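Here the protein sequences come in this chain order: A and B.
Heads up, the first sequence is in my numbering, so the first residue is 10 and it goes up one at a time.
Heads up, the second sequence is in my numbering, so the first residue is 4 and it goes up one at a time.
Bear in mind the hints are in silico, worked out from the structure with no lab data behind them.
Hints may be right or wrong, so weigh each one.
For lysine-lysine, the following BS3-like pairs were computed, each having C-alpha atoms within a straight-line distance of at most 25 Å [stated by the list, open to error]:
#, chain 1, residue 1, chain 2, residue 2
1, A, 69, B, 133
2, B, 36, A, 40
3, B, 361, A, 51
4, B, 136, A, 69
5, A, 16, B, 36
6, A, 40, B, 174
7, A, 78, B, 373
8, B, 137, A, 37
9, B, 330, B, 259
The model shown is predicted, which means the values in this text are computed figures rather than measured ones.
The lines below spell out each chain.
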Amino acid sequence: MRNISEKVSVTLDSDTPLSVTWKNRDYKITKIGLRHNYYEGKTLVHIFSVLSNNLFMKLKFDTKHLSWKLLEFSENGI
Amino acid sequence: MEFNKNKSNIIHLDINSCFATIEQQANPTLRNKPVVVCAYTTPTGCILAASIDAKKLGIKTGMRVMDAKNIYPKIITLLPDPPKYRFIHKAILRIVKDYSSKVIPKSIDEFVFALPLGTCPTKVSKEIKKRIKKEVGEYITVSIGISTNRYLAKIASNLEKPDGLVEINNKNILNVFSKMKLTDLTGIKKRNFSRLRKVGIKTTLDFYNSPIFRLRLAFGGVGGFYWYRRLHGFEIDDFTSKKSVYGNSYAPPPDKANEVLPIISKLCEKTGFRLRMDNLKATGVCLALQDRNGYFWHMGRNLRKDIFSTYDLQKEIKNLFKESPIKTNFRNIAISTFNFKSIKNLQLEIFENINRKKALTDAIDGINKKWGLYTIHMGSMSSDSKVVQDRISFGQL
Chain A
10 MRNISEKVSV TLDSDTPLSV TWKNRDYKIT KIGLRHNYYE GKTLVHIFSV
60 LSNNLFMKLK FDTKHLSWKL LEFSENGI
Chain B
4 MEFNKNKSNI IHLDINSCFA TIEQQANPTL RNKPVVVCAY TTPTGCILAA
54 SIDAKKLGIK TGMRVMDAKN IYPKIITLLP DPPKYRFIHK AILRIVKDYS
104 SKVIPKSIDE FVFALPLGTC PTKVSKEIKK RIKKEVGEYI TVSIGISTNR
154 YLAKIASNLE KPDGLVEINN KNILNVFSKM KLTDLTGIKK RNFSRLRKVG
204 IKTTLDFYNS PIFRLRLAFG GVGGFYWYRR LHGFEIDDFT SKKSVYGNSY
254 APPPDKANEV LPIISKLCEK TGFRLRMDNL KATGVCLALQ DRNGYFWHMG
304 RNLRKDIFST YDLQKEIKNL FKESPIKTNF RNIAISTFNF KSIKNLQLEI
354 FENINRKKAL TDAIDGINKK WGLYTIHMGS MSSDSKVVQD RISFGQL
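Given the sequences, and given the hints that come with them, work out the whole structure.
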């Protein structure tokens, strides 16, 4: 598992992420494991734990700045 | 006395392998694999939760990471993610509240609630299980225990794991107790076990069938009476005790074992904030320290004045620290406050403007509430978020 904090762009269908673009590469989201949210101060952030085939990604959406970040990624749980 | 003949309406719900299962829900590549959530992933880190597959290999909560790796070298170790666990806790709480107006979260992974009379507890439990799978996560399983009181409902929830649904009632109580050891009962461990042995109680059935005078001999007057009622399905644990202590503790990792003052400072920030959020001030403080050789020291003090600000709390805790014989290599650092009064009644002081101090504290709390705790903090506190990380405590919320 690697912890990073890099800006990414995410394509949505309504409020469901469909694909992630990271380092000029598109990753199609195949499954959403969990979607949770919490407050950082008064800013609501949404965390999406998603799979793109065997690649796990943890995405953060900041509702104040309307920006997406990739927080973690791992392949097959490693 | 016979077993309570009322219909069972108390439900105890327990999330199976809570933290580990939630991590497996979030990351499907971890499912059906031995996974542990631990305080630290270093060899001496303590395991907080083991997945169902890890438990099958003999890995348990409380073990060290190195012991788990001795059992299964490829075990996946994860650090806790408290916001995720709090979110799931709230999601399940919302579901349970649809069935009962009296829900008590006993801890992050346990809920107890009473159903209205006339409702079928088994039907409701099955429905709750289905809704958790559909609305919270398909990998999350819960064990549900049903009985006439909270104690037996908890025992029932432990009988079948994972994904269990067991009722203890007047028809099966003897059968259930005949298969259990005394120490399988919640609240009966080493010391209570030896108390029972001394009065000739050797099995769970002996315990259940004992007359009240024998239990009074074992536990003392009212203690024996409570155990008697509890085992016979009558409710005696339906009370809420007033909070008598506010505090926080932290077990630093080895590389931070000597950073005691920044840790104390951060614990004071956290405790002071919680105290003020409940509109309280304290007149007592306590510091407890344990080093890595196992030495333990603690000291409490009643103060001459009430305190509510982080600065005063920290000053008093640091005064206690001066008395401590343990100065380095800490395993655990805990601070607490006691003897509470309402913060609304401030005692004016001769040499200090207490109203100004209160206004300043309120302003800082307002900023921290808006932008996140520790946005404004004491200079002595390390701003490194790794000094005292966000943790979820075991036990009552």
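Violations among the numbered hints, reported as their numbers in ascending order: Violated hints (numbers, rising): 1, 5, 6; every other hint is consistent with the structure.
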